[in-house]
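Visitor: Sequence:
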Amino acid sequence: CTLIITVIHRLSGSAVRRVLPLSIGALVGFCSGVIGASLNTAGPPALIYASLSGWKKDEFRANLAIFFFTSSFIAFLGLSYQGVVQLETLKVSGLLIPLVLIGSRLGLSLGHHLSQRYFSWITLLCLTVLALHFISATIE
1 CTLIITVIHR LSGSAVRRVL PLSIGALVGF CSGVIGASLN TAGPPALIYA SLSGWKKDEF
61 RANLAIFFFT SSFIAFLGLS YQGVVQLETL KVSGLLIPLV LIGSRLGLSL GHHLSQRYFS
121 WITLLCLTVL ALHFISATIE
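Going by the numbering used here, the letters in the sequence shown line up with residues 1 to 140, in that order.
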């Protein structure tokens, strides 16, 4: 629901884009770490923070890329330590790497050509879809 509120807030035009205090970023990082490690959904707090931060398109993309890389790597190490990551998991993930690379290349090209306005709209659309997915998964 928080994602939907963020999207509505941004669409209403009442969202003031500003530099958020470092303390808020630290709190968001902590919450993302807890949620990411326990539920494997570190994204929502980071996405809300990023969407309210006032970052331009490329800054938004770069910051989230670093965040998700770091978050995923730490989660991978923790899950490996706990014995959750098995050889079969690594095999399946390894098979997906070429598709991830192709998709990433396409996304980089597409992102480069999007205007700030379209990038913002697509970001809000994706946040809405993500929020609806979380809500429907919770209801089931």
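Hints should not be assumed to be uniformly reliable.
Claimed, not checked - Estimated spans, in silico, between C-beta atoms of each pair:
1. 109 <-> 82: 18 to 26 Å
2. 100 <-> 74: 16 to 24 Å
3. 106 <-> 27: 32 to 40 Å
4. 72 <-> 137: 15 to 23 Å
5. 21 <-> 87: 40 to 48 Å
Keep in mind that the hints were calculated from the coordinates and are not lab data.
Glycine included, C-beta positions come from ideal geometry on N, C-alpha and C.
Visitor: Which constraints among the numbered hints does this structure fail? Numbers only, ascending.
Guide: 1
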